[in-house]
Structures are given as structure tokens and as C-alpha cells.
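**Student:** So you can see what is in the structure, the chains are spelled out below.
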Amino acid sequence: MAAVEDKAIPSEGPVKDRFGMTSKRAVGADERLASTGRLTQWLRRPEAGAAGGLIATIIIFALLPGASNLYSLQGSMTFLTLAAELGIIATAAALLIIAGEFDLSVGSMVGFAGVVIGLTVKYWGLPLWGGIACAFAVAILTGYVNGLIVVKTRLPSFIVTLASLYILRGLSIGITRAVTGRTQIPYILDGAPDPATAGLFNGHLLTGFFHWMGTQGWIATRTDGIPFVVGIPMSIVWWLGLTVLAGYVLTQTKYGNWIFATGGDLNAARNVGVPVDRVKIALFIYTACAATLLATIQVMEAGSADTTRGLLKEFEAIIAAVIGGVLLTGGYGTVYGVLFGALIFGLVQMGIFYTGIDTDWFKVFLGIVILMAVLVNNYIRLKALGRGGGK
Amino acid sequence: MTQAIQPAMELRGVSVNFGSVRALQDIDIKVYPGEVHCLLGDNGAGKSTLIKVLSGVHRPSKGEIFVDGKQVAFRSPRDAQDLGVATVFQDLGMISLMSITRNFFLGREPTKSSLPFSRIDKERANTIARQAMADIGIDVRDPTQAVGTLSGGERQSVAIARAVHFGAKVLILDEPTSALGVHQAAMVLKFIIEARMRGLAVIFISHNIHHAYPVGDTFTLLNRGRNRGTYAKSEISRDEVISIMSGGEDLKAVEAEIAGLLAQIGNRPSAAP
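Protein chains in written order, with the numbering used here: chain B, 3 to 393; chain W, 82 to 354.
Everything labelled a hint here was simulated from the structure, so no lab data went into it.
Some clues are possibly wrong.
Here are the simulated distance ranges between beta carbons [claimed, not checked]:
id	chain 1	residue 1	chain 2	residue 2	range
1	W	N124	B	G243	54 to 62 Å
2	W	R200	B	T217	39 to 47 Å
3	B	F317	W	F99	40 to 48 Å
4	B	Y381	W	S259	53 to 61 Å
Calculated Cβ distances over 10 Å to all of chain B for the following chain W residues [claimed, not checked]:
id	residue
5	Q87
6	R103
7	V148
8	Q152
9	R159
10	L164
11	D172
12	I176
13	F186
14	T192
15	R200
16	G248
17	E256
18	S259
19	S318
20	A340
All C-beta atoms in this analysis are idealised placements derived from N, C-alpha and C, irrespective of residue type, glycine included.
Use the sequences and the hints to build the structure in full.
**Tutor:** Structure follows, in C-alpha cells:
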């Protein structure tokens, strides 16, 4: 499986056995191995479909009116930010799906974590970092409870987390209205100014470089000389960082091996000693924490919390994962594909806006893309197993 | 056949009850290093339950298990493996979308350092997996290919190579040839002999006497959850094994019944061309 292994070891000819004899090739003789070209090998990677889809999407929008705005520095940053916000939770969702489970409570967790930050900072008087720490503590607990119920009851995680979806959303609205009388918590940052903490989530990277590019006249600036794009938003930095980290864990460490095995065949994995329950619980905690990271970024950017934040995000995360080549039945996928999936999502969302197409069509497009992605995934999986798919 | 004094694995008076169902009753088995011990029985004889007791999936309701003369109580298959009792289950415990190497080392991945998030040493893993397979006589060109691309016999051989490599002293094979064609079954039987030559105690569970008889040294016959006797190969013929397995008299009754049926069909006018 090319996606998981970096490279095949070079063939040194037939291996000698302990008697120093060349072992006979038992089955699958050389002449029966069809030679696979580089293109075929590349196409067998699970992220191939998403990469192709991304290239197609980029080209389509380049040909449509409004392309110059969409692909300008400002436009690019906008769709990259959208992709980043989705990508942060989609990467976590992808790992969980590879391990064979779903977390439908991700979107509600985004809303709930925002409310926790808002209430603890504004009404309990906690410092900003304290509020964020509370939100992550709540996330760890939520993820742990979700995971524990799933592994102990062996109920489908789809049902268990569907319950969490409603419970968390209900708690967000109920608690916020009880405390504040409204469903929004505005001006959170005003009472607790902490630019250093907030900057971790809503700041920008390389501001000096972008300013310098502005003074050189390479990028558009306002009349006062400050560029429209002041730097790379932290959300993008978090997204790329988490993707690389998740990719490393999944493909390079034993934990990644355990994740694939847990989703690939639970009993087989358990029998060889993989702690499948701990793998699942850890990943439920990760999805809840990813949702909380997204909530923190949104709260820091908007300065307010809203109980409806993150609505339907759980489905968008699953869609990005599936577009990215993650098999819904578990056991197969990459996080780099999810990166492409999130990019397609952000690009289409902004592209439809810039081209002036009625944004109502976005959902139609999304539905079609999901269907295509699943078909492509299925094909690639069969390819990986060396069956079907013609030559 | 070399018989060491101490059995590699021994069951004494093992019984397993599932509610009111007595799946196994008073089973005594001794398996010695360097022997292939065949557990034979028809469907429902208790083979599956026995294998689950041997491999650590079930704990016996009564009785004792000894490994190398020491009494043990397995809590999980991993427990049993750590004591050198490796089981290749009928479904093989292979994950078809993962590579040969990843399957081979699953749960025991070699890492480059002991840090928590250390990389898997893939080159070493690939080389070891390839060599371990070569040792039992299979040349795998590409250990990174998915297990799902292998044939049934090859998968079986990966599972056996894995068990042997990780220091199994007792190798339990659950119906290793039942799903295979003639050629592949022969290949797997070859691995069984190879494992025996290395001094492993092999427990070979089967209902196919034609696969078990040629490679077996000792035969334990199960019927309706009871041990119907353990015999050395020299003491028992293939036909006697079949007769005891099926309950002896039962088979004669079945034969008579079939003969009767055939006679009936033969008398029908429509059967004549």
C-alpha cells in the first residue's frame, strides 16, 4: 500500500534461507506480476482522487469570471482560512474514521467550547488563558465520555455521538440563555485583554515580511502603507502544523499502525495486543480538542461566542475526510488527502462567491462532489488490493 | 519423533461450560516440542472451543493449563503469545488493507528509539519480515504490498512466519488448510513440517484427515466435547481415525441410509434416461 509505506525495499534478488538455499517462489511468480508504471502507483495513493479534484477545481474557477479576485493574495488567504478552519477538525475526524468510528458531536463541541470560554472569562472573571484551558478540559472530558460509551457498550458511535450532538448543543443554548438571557456572548476580549494569548489563535505569521513586500509595492496596500494581507493567519499555521503532525503519527509511528489496524479489523488488532479501546478513546478526545481549537480561533477572531457556531461542521469534516480518500468503513486513508479535501471545500465556497454564482448552488455542488469522491475512493481501494479497475 | 520429557503445553482436566451447555469435558492433552499434534473432530466436537482455551480467548470453567511445566492463566491472546503460545486463527488475524510488514509487526513495531512518538524502523522491519518469510520458504518481493493482494495460502504463511519469528514455542493452527486449494494446502503443510523441524510444538486443528494424517505425529480425537483418545501415528490408521471422529457406528448408519436412498432413486422411472 503505497500510501502507508514510503518506499519498497530494493529487491536484492531471491533471499537465501537458513540453509543458504535460494527459496523457491511459492506463489505469485515474477512473470505473473504485472509491471506497474509510476502513474499507476501514484494513482493508487488514497489522496490521488482529492489531488486530482483540487487541480480540476482550481482550473474550473480560473476559467470562470472573478478568477483574478479569487486567486489574488487577499482572495487566496480567504479561501485558505476557510480551508484551515475546516481542515483542523477534518484531520481529527479522518483519524477517527480510519480507526473505524465517527464523531458527530464535533460541530456542537465547537459551539459549546466557545460558550465555555465566553462564560468563564466574562462571567467568572477567569483570565483568557484560564477560559481556554477550561474549554480544553471540557473537551477532553467530552471526548473521553464519548469514547468510553462507544467502547464499553459497543454501540455504533454514530448513535452515541448523535446523542452528544444534541446534548452539547442543548447545553450551549440552555446555559447561555440561563446566565446571560441571550444566545450570544459578545465582547469577551474587552474585559480580559491578553493579546499574547489571543495572538496564538488570531494573530498572523510573517507580518514583517508582508509589510516589507508592501513597501516594495509587490502586494496591495492601503493608503497608509499597511498591506491588506498583513501576514499568514494563525488558523492556517495551526492547520498545516496539525496536518503534518497527524500525518507523521499515522504513517511513521506505531500509534498510526494501531489506528489503521483498529479500523481495519478490530478483533485481529485486539488479538495481537493492540490496545484498541485506548486508541479509540484517544481519538475521540482528539476530535473534541480539535473542535475546541477551532472554537478558540473563532472566539478570538470574532471577540464573541455564539451558541449556533459549528452547526453542521461535523458533516463538513466527514465530507472533507471522504473527499480526501478516507474510507468510511475505516482502515484506510491519509491526512494529506484531507488537506486537499478541505482546500476543495474552501475554494469552492469562495469561488462561488467571487464568480457571482448564486451561493445556493454550493450545496448541490457539495452533494455531487461527495458522491464522486466515494466512487473514486472505492475504485482506488480496489486498485490498492490489486483487484478490478481494468489494467 | 523426539519426545522431550516435559510437554511444551499441557491441559489437565479442562472443561468449558456455556450456561448449561458443556462444550468441553475433562480434556487432557500433552503437546511435546518437535511434534505435530493433530486435534481432529467433526463439526460440533468442541474444536473451536478448545482452540479458544489454548489461545487465551476463553478461560476454562475447570481444569489447568501448563506451559513448559508451569501453570498459567491466560487473560488474553496477547498473554498467551508472551508466553510463547501463538495462534493462527482461521480468519488469520490479518488486516487486508495493511502491508505485509505492518501486519507482521502489528503490536510489536520496531522503533528507532524508545521515545513515545519514535518512528517505526521501516527498513529494518521490511528486511526482517522478508527474511522471516524466506526462512520458511517464501520469497516475498515486496513486503510493502497489501495483505489483501495475497492468496489465501500466502496469507496463512505470513501468519505462520509471524508466529515463528516472535518466538512461539507452541504454534496453534486453526483449520489452516480448510479454505485452500490443493496446491496451497500442500504449501501450508510444508510450513508445518518446517516449524516442527525447528523444534516447535505444533497443534494442528482440522476436520480434514487427509491433510492432518500425513504431517501429524500424534492424533487427539474429539467427539461431542470429549477426548476420545490420543494416539501415536504408529498406533492408528487413517480409516480408524475417520471412524472414531465420526462416532464409528454413526458413519455406518449414514452409509446404510444413503444406500437405501440411492436404491429408492434408482427405482424411480424418471431417473432412467
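**Student:** Take the hints in turn and mark each one as holding or not.
**Tutor:** How the hints compare with the structure:
1. Between N124 (chain W) and G243 (chain B) the C-beta distance comes to about 56 Å, which sits within the given range of 54 to 62 Å.
2. The given range of 39 to 47 Å is respected by R200 (chain W) and T217 (chain B), whose C-beta atoms sit roughly 43 Å from each other.
3. In this structure, F317 (chain B) and F99 (chain W) meet the distance hint of 40 to 48 Å, their C-beta atoms being roughly 43 Å apart.
4. A C-beta distance of roughly 32 Å is found between Y381 (chain B) and S259 (chain W), which places it outside the suggested range of 53 to 61 Å.
5. Chain B leaves Q87 (chain W) outside its interface by the beta-carbon criterion, the shortest separation being 26 Å against a cut-off of 10 Å.
6. A cut-off of 10 Å between C-beta atoms confirms that R103 (chain W) is not in contact with chain B; the least separation is 26 Å.
7. No beta-carbon of chain B comes within 10 Å of the beta-carbon of V148 (chain W); the shortest separation is about 17 Å.
8. Distance check for Q152 (chain W) against chain B: the nearest CB is about 22 Å away, which clears 10 Å, and the non-interface claim stands.
9. Here R159 (chain W) does not stay apart from chain B, with its beta-carbon only about 4 Å from theirs, under the 10 Å limit.
10. The claim that L164 (chain W) is not at the interface with chain B holds, since no C-beta of that chain comes within 10 Å of its own (minimum 13 Å).
11. Against the 10 Å criterion, D172 (chain W) falls within the reach of chain B, whose nearest CB is about 7 Å from its own CB.
12. With 10 Å as the threshold on Cβ separation, the claim that I176 (chain W) sits away from chain B is violated: the shortest Cβ distance comes to roughly 4 Å.
13. Listed as outside the interface, F186 (chain W) is inconsistent with that label: its C-beta sits roughly 8 Å from the nearest C-beta of chain B, within the 10 Å cut-off.
14. At roughly 6 Å from the closest C-beta of chain B, the C-beta of T192 (chain W) falls inside 10 Å, breaking its exclusion from the interface.
15. Residue-level check failed: R200 (chain W) sits 5 Å from the nearest beta carbon of chain B, not beyond 10 Å.
16. At roughly 14 Å from the closest C-beta of chain B, the C-beta of G248 (chain W) stays outside 10 Å, upholding its exclusion from the interface.
17. Once the 10 Å rule is applied to beta carbons, E256 (chain W) is consistent with being away from chain B; the minimum gap is 16 Å.
18. Remark: the non-interface label on S259 (chain W) is consistent with the geometry, its nearest Cβ contact in chain B lying 18 Å away (cut-off 10 Å).
19. With a least CB separation of 31 Å from chain B, S318 (chain W) remains clear of the 10 Å interface cut-off, as annotated.
20. The claim that A340 (chain W) is not at the interface with chain B holds, since no C-beta of that chain comes within 10 Å of its own (minimum 42 Å).
When held up to the earlier numbered hints, the structure conflicts with 4, 9, 11, 12, 13, 14 and 15 and fits the remainder.
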